[in-house]
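**Student:** The primary structure of each chain is shown beneath.
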Amino acid sequence: MADLRMKSVRVQNLIFEKSIPGRIGSNVPKADTPEVDLKEALGATRKELHLPEVGELEVMRHFVNLSHLTYGIETGFYPLGSCTMKYNPRINEVTASLSGFKNIHPMQPESTVPGALEVLMSVYEILSEITGFDEITMQPVAGAHGEMTCLMLIKAYHESRGEGDKRKIVLIPDSAHGTNPASAARCGYDVKTIPTDKEGNTDLAALEAALDDTVAAFMVTNPSTLGLFEPNITKVCELVHSVGGQVFCDGANMNAMVGTTRPGDHGFDCMHLNLHKTFSTPHGGGGPGCGAIGLQSHLESYLPAPALKRKDGKAYFDHNRPHTIGRVSSFYGQFLMAVRALTYLLAYGKEYMADISRYSVLNANYVQALLKDVLPAAHPRPCMHECVLTAKKYKEHGVRALDISKRLIDYGFHPPTNYFPLIVPECLMIEPTETEAKQTLDAFCHALIKICEEAVSNPDILHDAPTTQIVGRLDEAKAVKMLDVAWKPKQETANV
Amino acid sequence: MPYIPHTEQDVREMLATIGVDSIDDLFVEIPEDLRLKGQLDIPKQMDEHTLLGYMQGLSEQNLDLSRTVCYLGAGIYDRFIPSTVGAVLSRGEFLTAYTPYQPEASQGYLQTIYEFQSMVAELYGMDIANASMYDGATSMAEAAIMATGIKKRNRVAASRAIHPNSRKVLGTYCWSMDVQVDDLHTEDGATTDWSNVTEDTACVIVQYPNFYGVIEDLAAARKAADKVGAMLIVVADPTACGILPPPGEFGADVVVGEGQPLGIPMGFGGPLLGLFACKTEYVRLIPGRIVGRTTDAEGRTGFTMTLRTREQDIRREKATSNICTNEALMALASTVYMSALGKNGLRKVAETSVRNTQYAIQKLTEAGGRLRFGGKVFGEFVLELPKSASAVRDALLEQGILAGLPLGDYDPTLENCLLIAVTEVRTKAQIDDFAMKLKKELGN
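Those protein sequences? They're chains A and B, same order as listed.
Residue 964 is where the first sequence starts when you use this note's numbering, and the numbers rise one by one after that.
Residue 158 is where the second sequence starts when you use this note's numbering, and the numbers rise one by one after that.
For reference, chain B alone in the conformation it holds in the complex:
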C-alpha cells in the first residue's frame, strides 16, 4: 500500500518506543465486543492501472456533454474554462492546504481569497463579499436566515421564479428555524405580485435573471421591500453581471449567487461555489469566512482571516452560522477565471451569450417554437412547443443535441415548454443545426 510508508522495522521500533507489543494493544480502550473481527464486506483492492480503467469505464457510461451540443442550463452552465484555471488548481500547495489558520504560512492562499472577495464585490456592485459559501442555494438560504435575525421578523418572501431547487433548500432551512416562506407570484415569467410582502417580511428574494431567463425589475423589488422596511436579497448570475447593471446599483442589501459559471466544471452539480456579497453595514452579521488586509510588527502588508468572533469555533451556538469550511478551491478557480478573462473577457463572454441567445430565439421561433414570456432575457429563455417538451428533448438527444430543460415537472402549465440556455461556446452552425432538427421534429 503506497500511501502507508511503514516498514516492519519502523513498526517494531515505534512499538518499542511506545512500550507495547503490537498495534492491537493500542486499541485496548475500545471494548472487545465493539471491535471488528474480520475484514469488511467491501470490494477488493485494485492496483492503480486497474482502478484507472474501472473509473474510466464508469465515466464512459455517462452522456459526456463535451461531445453533445448542450443547451441545458438552469443555473449550471456549459461555459468556456481557460486552461490556466486547471493549471493553478493542480498546484499541490493550494490543493492540499487547509483553512489558513496560520496566516504566516498561508499568505499566498489568503491573498487569493482577498482578491476573490474584491472581484465578487465588484461584479455584484456591492461593498464587500465573504470568502464563499457551499453553493448558490445554501448561500441564498443563509442570507434569508440572516435577514430574519437582523429584522427580527420570521417571514421571508421569495419569488416563484427562483430556481426550484434553491427554493426547496430555502424551505428546508426555514422549516428548521420556524421561519415562514411566502411566495411572490409571477406574471408572464416575471415577479410582479408583491402582495405577500407584509410588515412581518424580513426580506424579499428575487433572482436576476430569474429561473426562466427573464431579467427581473430590481427597482420594483427594492420598492416593494422598502415599503415594509424589509431587506432585498438578489440571487444573481455572475456572467450576466458582466453586462447587466449589477444588483448593487438597485440598492440590494445582499447579493448571492451560484459561482459555477466562473471557471468551474458542471461536474454533475458539485462541487459548486456560493457567492455572498452585501452592504458594509452587515459585515459583522454575515455567515462564512472573511479575509482582511493588515500589517505585521514591521509594517509589512499581510492577509489574515478576520471578524472571527462571528464564527462557530469561537462563538459556538451564538455564531452567525454553522458554516465552517468555505469553498476555497472553487473560489480560487473563479479568481483565476476572472483574472484571466478580466474586464474585457468577461464582458465579451456575456455579450457573445446575448448574441447567441438572440440568434437562437430568432431561429427556433422560425422553426415552430414560440417565445413563452415577453420579458427581456440575458442568456436563457423559455420556448413553448406545439407538443410535449420532454418528447422533443428525448428525440433531439438521439441526434446529439441536449435541447434544454422540460419545465412540466416544475410547473404543469409549462408542460410544452423548454428552458434553453445558449452560452458563448455555442456557434452559429450549431444553432442553425438545432433549428433545423427542431423544425423536423415539430413537423412530425
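In isolation and in its complexed conformation, chain A is listed as follows:
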C-alpha cells in the first residue's frame, strides 16, 4: 500500500530525464524574413545546447505534479513567523495581468504611461498615510534591498553634513533579522549589537552606553521580532537623535500596526516595508519581494533617481536629482507588485484598513492563549501580530523545536519559524495573520497540543517526522559535502 501511495503522488524525474530528441513543447513564432548565413551575421555560433526536449502536455504535467508537492497558503495554514503568510487575493492576479499593465516597456515615452505612474503614485500616497512618512519610493525590489537603500540614504545624509568618515557604526538589537547586519555590512558599516532586556524590550542602558558621534544609525524592528511592541520607542528615537544618529524601522512587522499606529509618528527617520508581507503581494516561493521604503523629508533629496512626484494632479518622474544616491535597481521597482498592492489597499479602503492589525493581533493572542500550557510564551505579555513560544521543556525528552515543527507537517500544517529570534531557546514563532478563521487556529493548536503530548509519551514519532511526505528529513551535510547543484549531460554532476 505504501508503495502505491508513493506512486500516486507521482515522483517526478528531472525534466531533462524526460527529454526525447526532436520533441518541442511550444509553437514558437515562424520566421518569414529571408534566411541568413548565421556565420556571416554573428561570426560564430554555439554548438551544443542541452535544454530538455519535451512535448507541451509533458511540460504541463511535469510542473502541475511538482506543484502538488509544494505547500502554499492556498494549500493550508502557513503560520511562518515574521513572513506574514496571509491570503493573496485572486483579484490582485487579475489586475496585474491586465494587458495595459503587463505589456508596457519601462523605457517607452513617459507620456504614454500615465496609468502606470498613477498606480505607483497612488501606492506612494496611501502608504505615506498608513506609515506616517513624508515620502515613499518603491525602487527597492525586496525587503533587504529596502533596508540597504535606507542605510544608503542615511549614509548620504551624514556625508552631506561632513560626518561620513566619522559615523561608521550601525547599532542593531540582538533580536534582529539577519538582513539588518548584512545590509549594514553591504553599506560599509561596522555592526555593534544592542542587547534585549528581561522584559523583551531594548536595553536602554546598553543603548545609551553605545551612543556617541560614531553612530550612523540604529536599526529597530518594531514590533520586535519577539512579537512585542517597544513601549519606549519614542525615547529610543530621542536618544539616538541626541547624538546625531538616525533611526531606521525594520517594517517586517508592519502588519501589527496598519491603521492602528504609524511608525512615522514614533520618531523614525526611515523604514522599509515588505509589500509581499503586509500588503499581500504573493510570496511566489521566495520572491519577487517588494520593498517600498518610507522616509522623512530631511532624507528626501537623496532618494533613488528618478523620484516620482505629483504636480498639478499628474504623476511624473523627476530626473533632476543632484543629491540622489543613484539607482538601486534596473527601473522603477516591482511595478506589477505595485498594481497588486494598490488593488489590495483599495479592497480595504479607509473603512476596513485597521482590521488588518486588529484581527492579526487578535489571532496571535488567541494562539498564544490556547498554547500557554504546552508551549509558553517567551515573554508573557500581550503579543502583537505573532507570538514567540519556547519548547525548551521538551528538551529533557530529547525533543527540539525542529522536531515539533516537522511533526506538524504530518498533521497537515506548515510549521512556524524555528530558532528565530536567536535569543529565545527552542523558539517557535507563530504568525497566524488576520485572514485565518478561528476554526483553523483551533485545529492547529489542537494538533500542537497533541504533538506536545507525543513529545513526552513517544518522542521517536517526532524524531522520525515527517513520514507523510514524498521524502523524509534530508541529509543536509551530504548536500554540502557532495555538492550537486546542477544537472549535467551524461549525468556528470558539478561536484566540488
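Some hints could be false.
Said to hold, decoys possible - Here are the computed distance ranges between Cβ atoms for each label pair:
no., chain 1, residue 1, chain 2, residue 2, range
1, A, 1385, B, 437, 28 to 34 Å
2, A, 1431, B, 357, 41 to 47 Å
3, B, 452, A, 1339, 34 to 40 Å
4, A, 1453, B, 455, 46 to 52 Å
Unchecked claim - Taking beta-carbon pairs under 8 Å as the criterion, some of the chain B residues facing chain A (in silico):
no., residue
5, 272
6, 501
7, 543
The set of hints was computed from the structure by calculation and includes no laboratory data.
Here a beta-carbon is modelled for each residue, glycine too, at the ideal position from N, C-alpha and C.
Use these hints to put chain B onto chain A, whose structure you have.
**Tutor:** Positioned in the frame of chain A, the structure of chain B alone reads:
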C-alpha cells in the same frame, strides 16, 4: 470584508479565551498618544466589481505594446511567451508558497529551482548557477562586489557599453562600499580600450551583446583581465546565448544577466529576474540561494537549500550578501519557458531574431538610416538618422510603431541615433511597413 473570516461570535469566544474584553485591550502596550484616533485619510473601500473597473481604467491609460508594433528593447524585450508559463505560475501552490525552509513540504518547488539552476548554467556555459537574483543590474553589481572581496582589490573596470541603468546601479553599490568604478571606453560601439584595467582592478565587466547590440570580443576581455589577474564578469542576454557561443567558452568567471526575455512580461520593468552563474570554485562565495540534490535516511532523492552558511540569516554581517529572497516565481516562469521551448525552440527564437534583425537593417538603411556601428549584432542595432531620433520616434508612434530608444539622453554624440530591437515576434510585413513609414518621415 471577505478576506477576514471572523464572525462576531468568533471574536467573543476568542476574547474570552484570551481573557480580555475587547480587541483594543490587546493594544495596551502601544502608548496611548501613539495610537491613531480616527480613520486614515485614504480612499474608500471599493467592491470587487468597481475595483476591477477602476484598475482596468488605469491600465487603459497606458500605451499597450500588444497593440503597437514594438522595436524598443534595451534590455527588456517584447518576446513570445508560451501559454504554459502563465498556467503554471497561477498554480496556488507555487504562487502562495514561501522560501522552502521546510524542504519535505516543498519538494516540488525545490526541484524546479534545481532545474532552473541547471538550465541557466547550461545556457551560459558555466559550471553552476544560483537560484536567481533581483534583476540583471543588481546581479551584476553583486558580482562586482563579490570580485572585490575575492581579489582583495577595490576597483572594478566596467565597459561604457553596459546598459546605462545597470552602470548606475553598479555605481550606487560601489559608492556605498567605497569601491572605485573605472570606465572602459569604446570605439565604434565596442569595448576596445583596456587601458583602465590595472593591478588594482578586481574585475573586468563587459556586456554580451552590449547595450548597442554589438557582440563584444570576449576573448579580448578575458586577455585584458588575465594580464592583471582580474576576474571576468560577463553580462549576457539569455536569448542571444541560444545561438552565440556562451560566455563560459571564453573563460568567464561569472556570467550574469537579465532573465526577462525568458518568459516574463515587460511589466514596466518589474518584477524581473537576475541570472547569476559562475565557475565551481566560487560557489561558496556567491550571493543568493542555492538548491542542491541529496537523499533522505531511506536513500530517496530530494532537494534542499544548501551552502546556507553564506547567507544573512545565519552569517549576519559576515554573509556574502544581504539578499534574502530570490525571484523564485520569475525563475519558475523562465524554467517553464526553457522547458517548453527546449533546445530547438530557443535556438529557433534566437535564429528568427537574427533573421528579422538582418532584414530590418537592410530595409531601414534603404529607407535612409545608416548603421552607426560596424560590429556584428545579434538582435538589436543602432540606426543613425539624418534628423533627431526622438522626433522621428514620436512621429512614428502616432502611426502605431514604437521605433526604438533615442540614444541622445545617454550619449550626446548619438543624438540622431535610435536603438532598434527586432525580436522573433516581428514579421516581414511589419518591418516593411516600418521602413516605408520611416522613409516618409525622413523625406519630410
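**Student:** Each of the hints needs a verdict: does it hold here or not?
**Tutor:** We went through each hint and held it up to the structure:
In this structure, residue 1385 of chain A and residue 437 of chain B meet the distance hint of 28 to 34 Å, their C-beta atoms being roughly 32 Å apart. In this structure the hint that residue 1431 of chain A and residue 357 of chain B lie 41 to 47 Å apart at CB is violated, the actual value being about 57 Å. The given range of 34 to 40 Å is respected by residue 452 of chain B and residue 1339 of chain A, whose C-beta atoms sit roughly 37 Å from each other. Separated by about 27 Å at the C-beta atoms, residue 1453 of chain A and residue 455 of chain B break the suggested range of 46 to 52 Å.
Given hint, residue 272 of chain B at the interface with chain A, holds; its Cβ is 6 Å from that chain's nearest Cβ, closer than 8 Å. The interface hint given for residue 501 of chain B is met, as the beta carbon of that residue sits about 5 Å from the closest beta carbon of chain A, less than 8 Å. Taking 8 Å as the C-beta contact cut-off toward chain A, the hint placing residue 543 of chain B at the interface is violated, the least distance being around 22 Å.
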